[in-house]
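Chains A and B supply the protein sequences, listed in that same order. Position 73 (the first sequence) corresponds to 73 in the numbering used here; numbering is contiguous. Heads up: take any position in the second sequence, counting from 1, add 526, and you land on the numbering used here.
What the hints contain is simulated information worked out from the structure, not anything from laboratory work. Among the hints, erroneous ones may be present.
Once the Cα atoms are required to be at most 20 Å apart in a straight line, the calculated EDC-like pairs of lysine to aspartate or glutamate come out as [claimed, not checked]: (1) K644/B / E157/A; (2) K623/B / E137/A; (3) K549/B / D613/B; (4) K106/A / E706/B; (5) K549/B / E137/A; (6) K623/B / E59/A; (7) K665/B / D845/B; (8) K798/B / E1047/B; (9) K75/A / D686/B; (10) K106/A / D575/B; (11) K943/B / D1010/B; (12) K682/B / E104/A; (13) K644/B / E142/A; (14) K798/B / D508/A; (15) K215/A / D845/B; (16) K644/B / D161/A; (17) K911/B / D897/B; (18) K358/A / D845/B; (19) K71/A / D686/B; (20) K171/A / D161/A; (21) K615/B / E85/A; (22) K745/B / E359/A; (23) K358/A / D107/A; (24) K853/B / E157/A; (25) K507/A / E1047/B; (26) K75/A / D105/A; (27) K507/A / E359/A; (28) K789/B / E706/B; (29) K171/A / D845/B; (30) K644/B / E359/A; (31) K623/B / D136/A; (32) K138/A / E150/A; (33) K682/B / E157/A; (34) K106/A / D686/B; (35) K528/B / E85/A; (36) K71/A / D680/B; (37) K623/B / E142/A; (38) K623/B / E85/A.
The primary structure of each chain is shown beneath.
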Amino acid sequence: MNQLRELERTVAQGLRVLRKEQGLIEGVVYSSSNRRSVGRLVYTSHIPCNGLEEPKSDEDVGICVELWFRKGRTKLIGYGQEPNELSVAAIRRAIAKARRDAVEDKDFVGFLKPKQFPRKNRRQAASGDPRLLSLDEKGEAELLARLSWETIAGAVERIGDYARETRQSAKQIAFILNGDHFIIRERMAMATTNGISDSEETTVCLSSLTAMLEKANAKGSAWAARNSLVGFSAYDIGRQAASSAIDGVGGVRVPGGVYPVIFGPQAVAELFGSLLLPHLTLGMVEFGASMYQGRYGKRIASPLLTLCDDATLPDGPGSKRITCEGFPTKRTLLIDKGKLTGFLSDSRTTNKVLVRRKESTGKLGIDPYRIRRAISPGNGFRFSRGGGRVAGAGVGIHATNLIVDTPKPLSEKRLLNGVKNGIYIGRLWYTYPVGGYASGIISGTAIADCYRIRNGKLAEPIVPNSLRLEDHLGQMMSRITGIGDTRVPTILWASDEITHAPWVAVKDVNFLAINETSTPKTPPTH
Amino acid sequence: MKQTISVNDLSSVSETLSRALAKATHPQSVRYADIRLQVSEGIGSYSEDGTPKMTSMDWSASLGVRVIAGTEFTAAGYYGTQLGLMDFKRLDRVLNKALSTASERARANALGKTRFVKRSGIIGNSVQSTELAPIPVMKAVVEAEFSIDPRSIDAKRITDFTCSAAQAAKAFHPDVKRVELVVNSDVSRQIFASSEGAYIDQSTCSSGGTVFVVAQNGKGGSPADLYHHTGNQLGFEAVSEGKNAHNKDLQAFSVQIADEAVKLANAQPAPKENRPVTVVIDPDLVALFAHEIIGHPSELDRAIKMEAGYAGRSWFFQDLTHTMVGKRVGSPLLTAFSDPTLRGGYGYYLYDDEGTPARRVTHIQNGIYRDFMNSRQTAHVARVKPNGHFKANDASVVPLIRMSVSAIAPGKSDPIKMISEVKRGYYCVGHRIPSISESRENFQIAPRLIYEIRNGELGRIYRDGRVTADSKDFFLSIDAVGNDFTVFPIPNCGKGQPMQAKPVGNGGPSVRGMARIAQGEYR
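Okay, chain A solo, but in the shape it has when bound (with noise of 0.2 Å):
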């Protein structure tokens, strides 16, 4: 990986050729480098296998130039990137590219200025682990070695436990562990003829694993999001998800019907993080699909929710202390005790919604230069290649750490309390908006870590994929009757936010029974 400081005299070097373009309005230059390293686990007892199948890493270093000109009575706006090259040559091809491919967006008002910064301005320090920043090849190799080789140790110690516990072989209970360490290592810098100029580094450390003890039908899983590696035990977590597949032996089925649910933190993950932000991003609001189309300011969900992206959480695992576009990165409250107070934007994107004033008012439900704060464009981000903050990805919208919150925490304790007979969902599988986005239905299927509650007390595990769920989003958000006090970073198959995960129980969630027994039929005749 390039270095910080190369990646700040770059850009620095950038703007000093990008003022001296000819008819220049405004401009950003913008580099970075990131490395995704991956220790990816496949342990299975009763197939062959490698244990640690793939320790690998890809990288990208690169230079990206945006730049608003005129040319003639026009003003034109272009993009140009430059790979694996920081050099004035490399700026300069980028800047030829921008030029050439430029083209006339009437929308473009211009770049992120510091005058459209929130006036209290919390800098934090950068989060990232200096050790893990500063790893060498040959660190980096044994540390992928290391972390991969203790979490299958200690799943597999777990399991020979359970194995002697039960008296069966490995081929018996046909244990499965799948899964990956990931760390992300990004740098970027940038520099702006609006007059930001900053810089940052992170580092992101998830880990993501799921246990299955195949033969009794019995899934768990196990993860970990953080910052850094201090404090994380490889073997512990290889242990954790051992014993969460042993906790799910001896499932039942449960019919389909409507239930009262306490959803755990990966599906909450699912849920909100997954399926309701995009709701919640002003981009989809201006594109016409969100479910929030005209809402804003009214109640959407349960007074019992509040949700946020916080960028400023301290030590959070998706912390950022600015944007892809400089902006000091911020709490923005999306909903307030059930009403939407927010959204998730970048700059491109709210000043868009400001020059299509009348048309975004009934986008909104309100005059955008009213709510210029709830709009503010806390949330562009350069995301790609399934982690780091890519010179060669434009800016979109992106959230960090999502906050499950509510102002009336409860204990896991009373929210089962609150559930006379119904189901505890861990973890939700492939839930996607199969009726559209604007439809708001959703469906997915309960894949691990379920149990029925009753009385209260969490009972009998559920059998995987025994059911799916099947109903609308944002009536979901109204049955919320409960959110827990305890929040755990849950992260998500290719998604770069962190979603900070409580229990949440509502009422009334529709489920259906599938892959009940398949006996043959006879094709019918018609």
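For chain A, the structure is supplied; the task is to place chain B on it using the hints.
This is chain B only, laid out in the frame that chain A set:
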């Protein structure tokens, strides 16, 4: 002085790659190494309602290497990176560093593996050396197919093209509120070289467009949001001349999707059918069925539990001695396959990313399950021959077992008769959004449009409904398979960690079977 990299720059790298591989495999502990080196050149444009938002013409280059090393036990290590202009001037150094890093990881991995096996006793016995099933060592050149070279398209042409198409779709009807259109056209060349002596130089073109539409009727009804994609493994003619599965240029295709969005915006929500009803599924929707409930569970890495953490398992496979191979999984009318040598969509190639010659794999033959897509490593585990389905979406990332052109085979029925024979049922058109259970044994797949069928005639259109069933029940219920076989481009199949979105091809003919319909509205 050179200002850019082009695919032509790969014509002179063979000796450099050979030298690097020879050096990497010099230590006795290194058993195998391979290199993938890729360059792409292309152009893309994005328009909103006919206004240009961004255009970019550019090149990219990337490198990925694999090393298998170890003494008592062998293990793999990987390394990948994007490349820049200067990297091609010092390619020797870049390759040596990449292979050395991967080698370091492989050795650390092998050491960890050895220690684990020794300390774990019986439960560690399933952990074995990394082995690759043998393949013929090939040297080959595969050229890209195109009539309009993507490199000949300039920024103005593609910007105007994209904006015109978006504008036409927006102007189609007052109910169309927003159209966003993204168009890409590129040529890509990848060199694969291995320490076994393979050298495969494979080029391909790819051009396509994705249109996003929001429609809402003037009576304040719920908006309908739709998106769809068309394209082909061809040059720009795939979008400019309609050389794609939809037989439409991008403008006509965008207008079609706008038309569908307007229909949806004015349609009633789909009713709930609690019991299975007759459904006739058009080829565009069958493509998603072939993808989700046949293609994915037929990936052998998924089957042998390598993807249980994210992508899931397969109901076709329990363990090496308990599988559905040789067992009935569907109606005798159902045959399905993956064939990389078939043109259509984005799944065509002749060699995969470890140099295996690609060949057709039959997954289901007349309702009986037959075979999986595999890689050299998984083929070794399952004691079968490799069939060339190990692919990455970029050279810098590790390949996975991926669909190629995965489809349901054509039958003999007339698709029009397949509808006219139905007393009561639904005709489901076009794919939208799926939700599939973890081992692919249950699905809820949304068509874009659902037409009611009454007495053989198409009736009213419904919106937001989904076709849903247990997969085996649906396969067994198939009682007609059409003769209208088509392969569609699927631009974004997600798999792997970090996630790779890979273009593939999926398709089939019209199919008739029994399934439930999930309602299109919740109150």
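Right, here's what the structure says about each hint:
Between K644/B and E157/A the CA atoms are separated by roughly 13 Å; this keeps the pair inside 20 Å, and the hint holds. Using a Cα cut-off of 20 Å, the hinted pair K623/B and E137/A holds, with the two alpha carbons roughly 10 Å apart. For a cut-off of 20 Å, the pair hint linking K549/B to D613/B stands: about 19 Å separates their Cα positions. Restraint check for K106/A and E706/B: satisfied, since their Cα atoms lie roughly 16 Å apart, inside the 20 Å limit.
Between the alpha carbons of K549/B and E137/A the distance comes to roughly 19 Å, so the proposed pair stays at or under 20 Å and holds. For the suggested pair K623/B and E59/A, the alpha carbons sit about 13 Å apart, so the restraint of at most 20 Å is met. With a CA separation close to 36 Å, the supplied pair K665/B and D845/B exceeds the 20 Å bound. Of the supplied pair hints, the one linking K798/B and E1047/B holds, its CA atoms being roughly 9 Å apart against a limit of 20 Å.
Restraint check for K75/A and D686/B: satisfied, since their Cα atoms lie roughly 17 Å apart, inside the 20 Å limit. Simply put, K106/A and D575/B have alpha-carbon atoms about 12 Å apart, close enough for the 20 Å limit, and the pair holds. With a C-alpha separation of about 12 Å, the suggested pair K943/B and D1010/B falls inside the 20 Å cut-off, and the hint holds. Straight-line distance between C-alpha atoms of K682/B and E104/A comes to about 11 Å, which keeps the hinted pair within the 20 Å bound.
Between the alpha carbons of K644/B and E142/A the distance comes to roughly 19 Å, so the proposed pair stays at or under 20 Å and holds. Between K798/B and D508/A the alpha-carbon distance is near 18 Å, which keeps this suggested pair within the 20 Å criterion. A distance of roughly 10 Å separates the Cα atoms of K215/A and D845/B; the hinted pair therefore holds under the 20 Å criterion. Of the supplied pair hints, the one linking K644/B and D161/A holds, its CA atoms being roughly 17 Å apart against a limit of 20 Å.
Taking the CA atoms of K911/B and D897/B, the gap is near 11 Å; set against the 20 Å cutoff, the hint holds. With a C-alpha separation of about 61 Å, the suggested pairing of K358/A with D845/B is violated against the 20 Å cut-off. The suggested pairing of K71/A with D686/B holds, with an alpha-carbon distance near 18 Å, which does not exceed 20 Å. With a CA separation close to 15 Å, the supplied pair K171/A and D161/A stays within the 20 Å bound.
Distance check on the hinted pair: K615/B and E85/A sit about 12 Å apart at the alpha-carbon level, within 20 Å; holds. Proximity of K745/B to E359/A is assessed by CA-CA distance (about 17 Å); at most 20 Å being required, the pair is judged to hold. Distance check on the hinted pair: K358/A and D107/A sit about 14 Å apart at the alpha-carbon level, within 20 Å; holds. Distance hint between K853/B and E157/A is unfulfilled; the C-alpha atoms sit about 37 Å from each other, more than 20 Å.
A C-alpha spacing of about 19 Å is found between K507/A and E1047/B, which places the hinted pair at or below 20 Å, so the restraint holds. Between K75/A and D105/A, the direct Cα distance comes to roughly 8 Å. Compliance with the 20 Å bound is thereby established for this hinted pair. For the hint pairing K507/A with E359/A, the CA-to-CA distance comes to about 37 Å; that exceeds 20 Å, so the pair is violated. Under the criterion of a C-alpha separation no larger than 20 Å, the hint pairing K789/B with E706/B is consistent with the structure, at around 18 Å.
Proposed proximity of K171/A and D845/B is supported: the alpha carbons are some 10 Å apart, at most 20 Å. A threshold of 20 Å between alpha carbons decides the hint, and for K644/B with E359/A the separation of about 68 Å lies outside it, so the pair is violated. This hinted pair checks out: K623/B and D136/A have alpha carbons roughly 13 Å apart, not beyond 20 Å. Taking the CA atoms of K138/A and E150/A, the gap is near 18 Å; set against the 20 Å cutoff, the hint holds.
At most 20 Å may separate the alpha-carbon atoms for a hinted pair to count; K682/B and E157/A exceed this at roughly 63 Å. Only pairs whose Cα atoms come within 20 Å are accepted, and K106/A paired with D686/B is accepted, the gap being roughly 15 Å. Between K528/B and E85/A the alpha-carbon distance is near 14 Å, which keeps this suggested pair within the 20 Å criterion. A C-alpha spacing of about 18 Å is found between K71/A and D680/B, which places the hinted pair at or below 20 Å, so the restraint holds.
Proposed proximity of K623/B and E142/A is supported: the alpha carbons are some 17 Å apart, at most 20 Å. A threshold of 20 Å between alpha carbons decides the hint, and for K623/B with E85/A the separation of about 17 Å falls inside it, so the pair holds.
The structure fails hints 7, 18, 24, 27, 30 and 33 (numbered hints given earlier, in ascending order).
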